[in-house]
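Chemist: As a plain string of letters, each chain reads:
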Amino acid sequence: MEKDRVYEDLSLIQRRATVVAASIGIILLLIGLVCWKIQILDHGKYWALSEANRFRESVIAAPRGLIKDRNEVILADYTPSFRASIIRENCRDLDVSIENIARLLAIAPAELRLRIEKYASLPAFQPIVVKDNLDLREVSRIESRRLEFPELIVENDPRRFYPFGSLAAHVIGYLQEVNPEELKGGTFKGKMLGDLVGRTGVEREYETQLTGVNGRLTEIVDSQGRPRGQAARVEPAAGGDLGLTLDFDIQKKASELLEGREGAIIVMDPRNGDVLALASYPTYDPNKFITRFTPQEWMDLMSRPDHPLENRVIRGQYSPGSIFKLTMAAGGLKFGAIAESTTFYCPGFGQFYGRPFACWKAGGHGALNLTGAIQNSCNVYFYNVGRRLGVDRIAEAAESLGLGEEKTGIDLPGEKGGIIPSEAWSQSERKSPWYPGETISVAIGQGPVLVTPVQVAVHTAILANRGKRVVPRLLQAGGLREGPAGAAAGEDSRPGAIPAGIYETVVNGMWRCVNEGGTGKGADVDGFDVCGKTGSTQIIGRETAERLGRKIMPHSWFTGFAPRDNPRVVVTVLVEFGGMGGATAAPLAREIFALYKEKYD
Amino acid sequence: MIDRRLIQNVDWLLLVLLLLNSLVGVLVIYSASHYLPGNFYMRQLFFIGISLMALLVLLLVDYQVLVDYAYYIYGFVMVVLAGMVVFNHLMKKGSWIRLRYFQVQPSELAKVALVLAMARLFAEYKRSTLTRGAALAGAGLAAVPFFLVALQPDLGTAVSLLSILAGALILAGLERKTIIAVALLVIGVGVAGWHFYLKDYQKDRLATVVFPDKDPRGSGYQVLQSKIAMGSGGVLGKGFKKGSQSQLKFLPARHTDFVFSVIGEEFGFVGAAVILIIYYAFLLRLFKSAGKARDRTGVYIVFMVGLMMAFQLIVNVAMVIGIFPVVGIPLPLLSYGGSSLLANYLGVSLVLNVKMRRFVNI
Chain A
30 MEKDRVYEDL SLIQRRATVV AASIGIILLL IGLVCWKIQI LDHGKYWALS
80 EANRFRESVI AAPRGLIKDR NEVILADYTP SFRASIIREN CRDLDVSIEN
130 IARLLAIAPA ELRLRIEKYA SLPAFQPIVV KDNLDLREVS RIESRRLEFP
180 ELIVENDPRR FYPFGSLAAH VIGYLQEVNP EELKGGTFKG KMLGDLVGRT
230 GVEREYETQL TGVNGRLTEI VDSQGRPRGQ AARVEPAAGG DLGLTLDFDI
280 QKKASELLEG REGAIIVMDP RNGDVLALAS YPTYDPNKFI TRFTPQEWMD
330 LMSRPDHPLE NRVIRGQYSP GSIFKLTMAA GGLKFGAIAE STTFYCPGFG
380 QFYGRPFACW KAGGHGALNL TGAIQNSCNV YFYNVGRRLG VDRIAEAAES
430 LGLGEEKTGI DLPGEKGGII PSEAWSQSER KSPWYPGETI SVAIGQGPVL
480 VTPVQVAVHT AILANRGKRV VPRLLQAGGL REGPAGAAAG EDSRPGAIPA
530 GIYETVVNGM WRCVNEGGTG KGADVDGFDV CGKTGSTQII GRETAERLGR
580 KIMPHSWFTG FAPRDNPRVV VTVLVEFGGM GGATAAPLAR EIFALYKEKY
630 D
Chain B
153 MIDRRLIQNV DWLLLVLLLL NSLVGVLVIY SASHYLPGNF YMRQLFFIGI
203 SLMALLVLLL VDYQVLVDYA YYIYGFVMVV LAGMVVFNHL MKKGSWIRLR
253 YFQVQPSELA KVALVLAMAR LFAEYKRSTL TRGAALAGAG LAAVPFFLVA
303 LQPDLGTAVS LLSILAGALI LAGLERKTII AVALLVIGVG VAGWHFYLKD
353 YQKDRLATVV FPDKDPRGSG YQVLQSKIAM GSGGVLGKGF KKGSQSQLKF
403 LPARHTDFVF SVIGEEFGFV GAAVILIIYY AFLLRLFKSA GKARDRTGVY
453 IVFMVGLMMA FQLIVNVAMV IGIFPVVGIP LPLLSYGGSS LLANYLGVSL
503 VLNVKMRRFV NI
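So the sequences go chain by chain: A and B.
Adding 29 to a residue's 1-based position in the first sequence gives its number in the working numbering.
Adding 152 to a residue's 1-based position in the second sequence gives its number in the working numbering.
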């Protein structure tokens, strides 16, 4: 009924306006209540979120300690570098991220995916390194796309650098990324994903000492992630430096001498076990794989038949060959099987247990006494000594001279021991009795006798010291080392040790071997009184080699010390397939002795 | 030319509240952009000066005269908008017309034109309830600029235009059942729009009003950062130029759409509440003017301008505190932007015009 009535006055529409104005007031009041909730009731939560927005925590990586030689020459250094990591919890879509990051950093997407999957089991907030050793262009490319790539971060990453490449690579070792199993198992304390750890060498042995303590940086950042200031900074503490016993010049010489061969050289101070040089060939350049990835170079090295990664000095097990005659001589004297003056006649072969055993010299040496037998490395003489001693007494002598199962205790990981057979050994390892005929082979260091070059060096040091045993060491005295079980140099106090007089006889033979036209004459250095012994070990029998129609060269040994009185240096050289010890190994040792004399006398 | 009585009847309080809001805006714009090149606060001051002059100039003309020419003004603005749609289609440009020194958003001016046209349409409508014919006529009048602006595309401004239509219809006596019907229609259009019109980013925005934390790096980012800014402000705020959310640029569109968030962060709940109170005082004063209008046209003008500004205020603040989707609607008077400021000043000018001429006989 009101519908058709027309009001001239405006009160109706004015009232409507008032109602609407009041409703707006109510709505604004509700809005005010929401503000109350957000700003007062939930203040704590949002305050924390705004603080979290402002600050970015990052790690300042501590540089690894330096590794130096005895004269402070830096063998392992570090250079600044950068790495890029992905934080999966910041990814919107991991697959898309992988595609985009692969394109940004020029990585193959499949490789990147594989890498991320490898660490899939770790919490999503932990960064996974996707590329290291970034160049500056790559760094700026990432930094300029913070918004596009919230999941990608760039971190400072002081990078290990070996200024001399492959020099002493087997001593120093190399680094590789810590793997997820090791992280979970707690193998390395305080390590994080993407950290590099020493895998071999002193890098592994002294991992804890070399590792520093990472610093932390808390930055105020804007929404683009650009730093606007520092809130807190905890400086990293660099890892401890290692002073090695190595002598750069001698190490360099040893490496050069082995160039192009397969073999090992160890140079040691017999007085305290300081290792002046330790070289194994073929070698590798550890710089090539200081990366978190498995580069082709490494795969190639792994699969090469000549095993460049293997440290032959501590892990190569070889027949000692004629070097073992020193043990025979000392053992023979100790057990009274022979005297210094005992003479045997060498016609070029000997008949033992119904079988002929040849001497290396076809015509024979004629009549020889002990020092003459050492000088000329006569097989027949020592066949006789071996027959008189028997295998168990040979083993006892060998073990008191540093050979056998027992490791030398050098401060490198992965050292192997050797094998010195005995009747008990034969029963337990071969499940068969020892045949006396085998003793004749053992007498000249053939048969199931195995030694490592470092054992031979220690063996030589015991002879040089006239009985005092040393533990070879790479870390200088007064360095970081706490000391492993056997610790530093000390007298061998085991029962049955060889009387000092016996050593003089053996040493006399070694002196004649080098200085009186013996097999070791190639190692002679004027005025340095080098004493030594050569060895040549047949890998396969002469008959087999002839049947194959191939010239198979024996492994070539030389071990010795100088000078004769108050010896200061032991040199042990092994060249695989090098030929006769006197021809190949001895001249190499000579070079080392000569350099040592020149440098230290 | 202008009667002394007219000057005496200018609502000075309304004008002061208008300028107070605008100057608070300048302060906040300064805080939110002083580290950016472009001197936004200076430019905003300049816009305020220009807009104030336009406001005063417009007062010289009796609003009845303006309403007489309403359809011409409306027609002119529609032609400009249509021209822009075509031009944009060809040139792929945004919703701005670039003049020699400043950019002008014609869609903002469409609001003023629509207010005048709507007032003209309903001036002679004297029934107590709304007829279908009148409603359709009003809807038609609003539909043209709505679609032209929506096509630019500027959904926020287009929706603001609808608030003017709503104002006119409510005043004309929209029945309750019609309001319900319209609500249903809006929902229907909303559903259809969701499927056919809205872009993905707009859908995301709607979705994230409900779950802003779901996707902190995506479209929920703006809302979340805005809530963090508000919430971290607490009771008294972090202080002028000390809000980390805005100073470190976590807050999006700090000096434009999210300016309220800066207030909440730097001046706290007290600051936000004071702004809402000042604003409501301004709106209340504005709506009260409707009671002083000498004719129906005047009431319509006052009411539509008031509702338009209230609508933008409510939508903007609701969006900033995360209870409404992020649409591009600035906070009138406080957000940086010349065109929006000018449109609102012209609107207020019309209100003052109505009020000061209440005793003038025709």
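To be clear, the hints were calculated from the coordinates, so they are not data collected in a lab.
It cannot be assumed that every hint is accurate.
Once the Cα atoms are required to be at most 25 Å apart in a straight line, the calculated DSS-like pairs of lysine-lysine come out as [as the list claims (entries may be wrong)]: (1) LYS278(B) <-> LYS66(A); (2) LYS66(A) <-> LYS393(B); (3) LYS74(A) <-> LYS401(B); (4) LYS281(A) <-> LYS626(A); (5) LYS329(B) <-> LYS278(B); (6) LYS220(A) <-> LYS317(A); (7) LYS393(B) <-> LYS74(A); (8) LYS440(B) <-> LYS66(A); (9) LYS74(A) <-> LYS394(B); (10) LYS390(A) <-> LYS220(A); (11) LYS390(A) <-> LYS436(A).
Please read all numbers here as calculations on a predicted model, not as lab measurements.
Chemist: Looking back at the numbered hints, which does the structure fail to meet, lowest number first?
Modeler: 1, 8, 10 and 11
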